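Student: Listed here are the chains, written in short residue letters.
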Amino acid sequence: MSAVPERTAVGEVAPGDALPVLHRTATRLTLFLFGVAYWTSHRIHYDVEAARAEGFDDVLVTANLLSAYNVELLTRWTGDPYCLLTLEERNVAPAFADEPLTVTGRVLEVGAHNGARTARCSLLITKNHDMAVLSGTATVLLPHTAS
Amino acid sequence: MGANSSTGPAVTDEARALIGSVTATYRSDPVSMRQIREYLAATGGRPELVGVDTPPGEPICAPPLFFHAACRPVVAQDELLSDGQYSFLGVPGVSGRTMAGGSKYEVFGRVRVGDVLTVTERLQRITEKQGTKGPLVFVTTESSYHNQAGELVARYEQTVIFR
Numbered sequence: 003m004s005a006v007p008e009r010t011a012v013g014e015v016a017p018g019d020a021l022p023v024l025h026r027t028a029t030r031l032t033l034f035l036f037g038v039a040y041w042t043s044h045r046i047h048y049d050v051e052a053a054r055a056e057g058f059d060d061v062l063v064t065a066n067l068l069s070a071y072n073v074e075l076l077t078r079w080t081g082d083p084y085c086l087l088t089l090e091e092r093n094v095a096p097a098f099a100d101e102p103l104t105v106t107g108r109v110l111e112v113g114a115h116n117g118a119r120t121a122r123c124s125l126l127i128t129k130n131h132d133m134a135v136l137s138g139t140a141t142v143l144l145p146h147t148a149s
Numbered sequence: 002m003g004a005n006s007s008t009g010p011a012v013t014d015e016a017r018a019l020i021g022s023v024t025a026t027y028r029s030d031p032v033s034m035r036q037i038r039e040y041l042a043a044t045g046g047r048p049e050l051v052g053v054d055t056p057p058g059e060p061i062c063a064p065p066l067f068f069h070a071a072c073r074p075v076v077a078q079d080e081l082l083s084d085g086q087y088s089f090l091g092v093p094g095v096s097g098r099t100m101a102g103g104s105k106y107e108v109f110g111r112v113r114v115g116d117v118l119t120v121t122e123r124l125q126r127i128t129e130k131q132g133t134k135g136p137l138v139f140v141t142t143e144s145s146y147h148n149q150a151g152e153l154v155a156r157y158e159q160t161v162i163f164r
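Line by line, the protein sequences are chains Z and W. Remember, the numbering used here sits 2 above the position in the first sequence when you count from 1. Remember, the numbering used here sits 1 above the position in the second sequence when you count from 1.
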């Protein structure tokens, strides 16, 4: 996530709208950095032998890093780094280091929260074109200009 | 998570008795610019841009999910299990190898540089299932995060799968 997300004009928002797709690849270097920032020492995120001993092909991308990718998708779309109200996720399959990930979202409904417009979106992170890694939903505040 | 993390999952009656109760509390150190820069660098952002859009005199805010990273306890190496996990992940009395099952974040307010967060974790439920590769135990906890003013800034529900 950028400290200053790209300002994208959301414009009109309607159910069915697709959010601009995000592509991310968490390398082993990424996982090291996230392990420090998030302070996780779980070996399956950096020790390939430990990951394989647990039955995985490689070190696993940290679930909370996938959450950050979802937040990046949403904040780039709205242009507001603080638009997130809720984020609910289910980890479907592991993502491994160096696997290209595609982060997508779609508007489910438009609503209101404390007088502000909101959008509830479905979220899906996939690898290998269409293999689901994570599915979820999020609710975000929409900018005032989106009406 | 119990000390024996190399065998299959196990749940004790003691663990089941904790459902609905507070199982952990933690008070963070003051949130620093350094922590926020590290989080941004790790998530693909630009650490050098932290605070550049913040007007003088205004507090510098962290990304929405940073609250969770800020409240990860720092423990000594000899307190970690052989798989690197915290010995206190999940709930006492549930053991096994772990992986993430799902999560729910609710964001109510911003976390600012200098904030001290207090997290209170409650055990919501323990669910035992038979997976395709063996038994699984799903432990779900809900954590509330308050800042030093007592304001609820976030809630986080996490399900950890013990294998």
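Because the hints were derived from the structure by calculation, they are not lab data. Accuracy of the hints is not assured; some may be wrong.
Said to hold, decoys possible - The calculated PhoX-like cross-link candidates involving lysine-lysine, where the alpha carbons are at most 25 Å apart (straight line), are:
id, chain 1, residue 1, chain 2, residue 2
1, W, Lys130, W, Lys105
2, W, Lys105, Z, Lys129
3, Z, Lys129, W, Lys134
Fair warning: this is a prediction, and the values are worked out from it, not measured in the lab.
Student: Look at each hint and say if it fits the structure.
Tutor: Each hint tested on the structure:
| no. | hint | in the structure |
| --- | --- | --- |
| 1 | W:Lys130 with W:Lys105 | holds (21 Å) |
| 2 | W:Lys105 with Z:Lys129 | holds (22 Å) |
| 3 | Z:Lys129 with W:Lys134 | holds (23 Å) |
Checked against the numbered hints above, the structure breaks none of them.
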